[in-house]
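This note's numbering puts the first residue of the sequence shown at -2, with every later residue one more than the last.
In short, the hints are calculated from the structure, not lab data. Small disclaimer: the values here were computed from a predicted structure and weren't measured. Fair warning: there could be bad hints in the mix.
[Said to hold, decoys possible] Here are the in silico distance ranges between beta carbons for each label pair:
(1) E38 / P91: 25 to 31 angstroms
(2) N83 / S49: 19 to 25 angstroms
(3) G113 / Q171: 34 to 40 angstroms
(4) A148 / G113: 17 to 23 angstroms
(5) Q85 / V53: 21 to 27 angstroms
(6) Y61 / F151: 17 to 23 angstroms
[Stated by the list, open to error] Keeping only pairs whose Cα atoms sit at most 25 angstroms apart, straight-line, the calculated SDA-like set for lysine to any residue is:
(7) K162 / T134
(8) K162 / G22
(9) K162 / Q54
(10) K162 / G58
(11) K162 / P74
(12) K162 / S132
(13) K162 / W125
(14) K162 / A148
(15) K162 / S49
(16) K162 / R123
(17) K162 / R70
(18) K162 / G55
(19) K162 / P91
(20) K162 / T86
(21) K162 / V53
(22) K162 / E79
(23) K162 / S39
(24) K162 / Y61
(25) K162 / R42
(26) K162 / G113
(27) K162 / S87
(28) K162 / A130
(29) K162 / I100
We treat Cβ as the ideally placed atom computed from N, Cα and C, and that holds for glycine.
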Amino acid sequence: GTVCAGPALLEGMKGEEPASSTQSGNGVIGYDANGIPVFDESHPRFHHYYGSNSCVQGSAGCSYENAVAGLLRHPAPGASGEPVINGQTSFARPVGRVRHVVIDGGSQVVNVTIPGRHALHPGIVRRWVTQDALSVTIHTYGEGTGRLPRANEFFSESLWRRVDKNIFDYMREQQ
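Please model the complete structure; the sequences and the hints are all you need to start from.
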């Protein structure tokens, strides 16, 4: 299902507004310290989605460390399986190129669309790993003001479930 992460997630992330972004009307109102765009949630094409997939702690390869290693290998659809590093770009199948922002040693990766190289620009997908007493969870939160906002929301669950399956497959191989 879709859960609204809303403004709480964005609190404290609003940076200075470059004049060019506010004049273009593309819905980007600023950038955080990592160069990740912050979106105007009242923009007509603003959209967002949230999903998560988990494994049970203690089951084959299900650990926080393995999930972080897997996230770095599969941060976006079509990833090579080689770990990404901060600032690296790759092709997110089938929509275009993204820049990976690696945060907190890889426990969070943000995929930022590249202007003119990604069909859904401007947009981001923030992915992160958490654990509790019972499970390890991979979270995915996407937002943006680019093209096809409703289709983006509609297809997000099946798309990211397949990407997360690659992470869980990787984790099982590590046990």
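Consistency of the hints with the structure:
1. Restraint check, E38 to P91: a C-beta distance of roughly 27 angstroms satisfies the suggested window 25 to 31 angstroms.
2. Range check, N83 to S49: Cβ separation about 23 angstroms, and the 19 to 25 angstroms hint holds.
3. Between G113 and Q171 the beta carbons are some 38 angstroms apart, a value that agrees with the proposed interval 34 to 40 angstroms.
4. Range check, A148 to G113: about 21 angstroms between beta-carbon atoms, so the 17 to 23 angstroms window is met.
5. The hint said 21 to 27 angstroms for the Cβ distance between Q85 and V53, and at roughly 32 angstroms that hint is violated.
6. Look at Y61 against F151: about 31 angstroms separates their beta carbons, and that is not inside 17 to 23 angstroms.
7. Our distance criterion of 25 angstroms between C-alpha atoms is met by K162 and T134, whose separation comes to about 12 angstroms.
8. For the hint pairing K162 with G22, the CA-to-CA distance comes to about 37 angstroms; that exceeds 25 angstroms, so the pair is violated.
9. Annotation: proposed proximity of K162 to Q54 holds, straight-line Cα distance about 16 angstroms (limit 25 angstroms).
10. Straight-line distance between C-alpha atoms of K162 and G58 comes to about 13 angstroms, which keeps the hinted pair within the 25 angstroms bound.
11. Taking the CA atoms of K162 and P74, the gap is near 11 angstroms; set against the 25 angstroms cutoff, the hint holds.
12. With a CA separation close to 15 angstroms, the supplied pair K162 and S132 stays within the 25 angstroms bound.
13. Between K162 and W125 the alpha-carbon distance is near 15 angstroms, which keeps this suggested pair within the 25 angstroms criterion.
14. Proposed proximity of K162 and A148 is supported: the alpha carbons are some 22 angstroms apart, at most 25 angstroms.
15. Distance hint between K162 and S49 is fulfilled; the C-alpha atoms sit about 11 angstroms from each other, no more than 25 angstroms.
16. For a cut-off of 25 angstroms, the pair hint linking K162 to R123 stands: about 17 angstroms separates their Cα positions.
17. Between K162 and R70 the CA atoms are separated by roughly 12 angstroms; this keeps the pair inside 25 angstroms, and the hint holds.
18. With a C-alpha separation of about 18 angstroms, the suggested pair K162 and G55 falls inside the 25 angstroms cut-off, and the hint holds.
19. At roughly 18 angstroms between alpha-carbon atoms, K162 and P91 fall within 25 angstroms of each other, so this suggested pair holds.
20. At roughly 22 angstroms between alpha-carbon atoms, K162 and T86 fall within 25 angstroms of each other, so this suggested pair holds.
21. For the proposed pair K162 and V53, the alpha carbon gap of about 14 angstroms is at most 25 angstroms, so the pair holds.
22. Our distance criterion of 25 angstroms between C-alpha atoms is met by K162 and E79, whose separation comes to about 16 angstroms.
23. About 34 angstroms separates the Cα atoms of K162 and S39, which puts this hinted pair outside 25 angstroms; it is violated.
24. The hinted pair formed by K162 and Y61 meets the criterion: a straight-line CA distance of about 16 angstroms does not exceed 25 angstroms.
25. With a C-alpha separation of about 30 angstroms, the suggested pair K162 and R42 falls outside the 25 angstroms cut-off, and the hint is violated.
26. The suggested pairing of K162 with G113 is violated, with an alpha-carbon distance near 30 angstroms, which exceeds 25 angstroms.
27. For the hint pairing K162 with S87, the CA-to-CA distance comes to about 19 angstroms; that is within 25 angstroms, so the pair holds.
28. Using a Cα cut-off of 25 angstroms, the hinted pair K162 and A130 holds, with the two alpha carbons roughly 22 angstroms apart.
29. Between the alpha carbons of K162 and I100 the distance comes to roughly 22 angstroms, so the proposed pair stays at or under 25 angstroms and holds.
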